[in-house]
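Q: First residue of the sequence shown? That's 0 in numbering that gives the first Met the number 0, and the numbers climb one at a time after it.
I should point out that these hints are in silico values taken from the structure, not numbers from a laboratory.
From a predicted model like this one, the values you see are computed outputs, not experimental measurements.
Glycine included, C-beta positions come from ideal geometry on N, C-alpha and C.
A portion of the hints provided could be inaccurate.
Each pair of labels, with its calculated beta carbon distance range [stated by the list, open to error]:
id, residue 1, residue 2, range
1, I5, L228, 27 to 35 Å
2, R58, I177, 41 to 49 Å
3, L20, G205, 50 to 58 Å
4, W128, F19, 38 to 46 Å
5, L187, W153, 49 to 57 Å
6, E118, A8, 42 to 50 Å
7, R15, L187, 30 to 38 Å
8, K204, M48, 55 to 63 Å
9, L41, G209, 37 to 45 Å
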Amino acid sequence: MLSGIITKAGILGILRATYFLVGAENLLHSPVRNVMLTLSILTIFLGSMLAFKEKLLKRRLAYSSVSQLSYVIFGMMIMTSHALEGAILQVWFHAAAKITLFLVSGAIIHYTEHTKVSELLGIGKQMPWVMACFSIAALSLVGIPPLGGFVAKWFLAEGALLPQTGFFGWFGVIVLMISALLTAGYLLPILSEGFFPGKDYETPKGRRPGWRMHVSLSLLSLLLLVGGLFPNFLLQPLQSLSALLF
0 MLSGIITKAG ILGILRATYF LVGAENLLHS PVRNVMLTLS ILTIFLGSML AFKEKLLKRR
60 LAYSSVSQLS YVIFGMMIMT SHALEGAILQ VWFHAAAKIT LFLVSGAIIH YTEHTKVSEL
120 LGIGKQMPWV MACFSIAALS LVGIPPLGGF VAKWFLAEGA LLPQTGFFGW FGVIVLMISA
180 LLTAGYLLPI LSEGFFPGKD YETPKGRRPG WRMHVSLSLL SLLLLVGGLF PNFLLQPLQS
240 LSALLF
């Protein structure tokens, strides 16, 4: 769960260094920017690939964070107003989604002692509400509308495809699309096998998460849904910030 929060400290440090200490105008045509863009695009792809191949649930989510947070670096280094707005939205919505996913994975481990993705057959039958919240967070990470993750990725892509961004802009968007497909590949099978285990599946008896877990997961899921449907409450202050920087 902490990866959804603590990792944002480094992101905010890069944001302050880029736009408030060094300045976007000083980095725009520097080789440092090109290096950062190259590394962020590479990490987006490699993080997604590692998550796709990983068999342990929590480690898969950790590799996913590597990829998803590299979206933020990419958006900041593209240095257009829409890309910066998308990057900051990605920080916000990734935190909500990843906290949800790690809370659910913790509940699964606590109540079933299952740690591998292959052991999650029928988990949606055992914990329907918990896995419904997992589904919302997973779809947000993929970038499915009308969830918050879609809004963040839309602004990232829109800002990256402006003419002045050049090669890194359009190539980065291609990698973002590949990453989205890989994200679907390592998260959506958990949902399909969890909710549709087959006719012969029998739901095992045992303890289930209580109402406190349900409430916390519901609030996080609601945040992802409301943020996707009504993003203006976040966009307005971000647009004011980007107007000062560009």
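Q: Hint by hint, note whether the structure agrees.
A: Hint check results:
no.	hint	verdict
1	I5 / L228: 27 to 35 Å	holds, 29 Å
2	R58 / I177: 41 to 49 Å	violated, 21 Å
3	L20 / G205: 50 to 58 Å	holds, 53 Å
4	W128 / F19: 38 to 46 Å	holds, 43 Å
5	L187 / W153: 49 to 57 Å	violated, 20 Å
6	E118 / A8: 42 to 50 Å	violated, 33 Å
7	R15 / L187: 30 to 38 Å	holds, 36 Å
8	K204 / M48: 55 to 63 Å	violated, 38 Å
9	L41 / G209: 37 to 45 Å	holds, 43 Å
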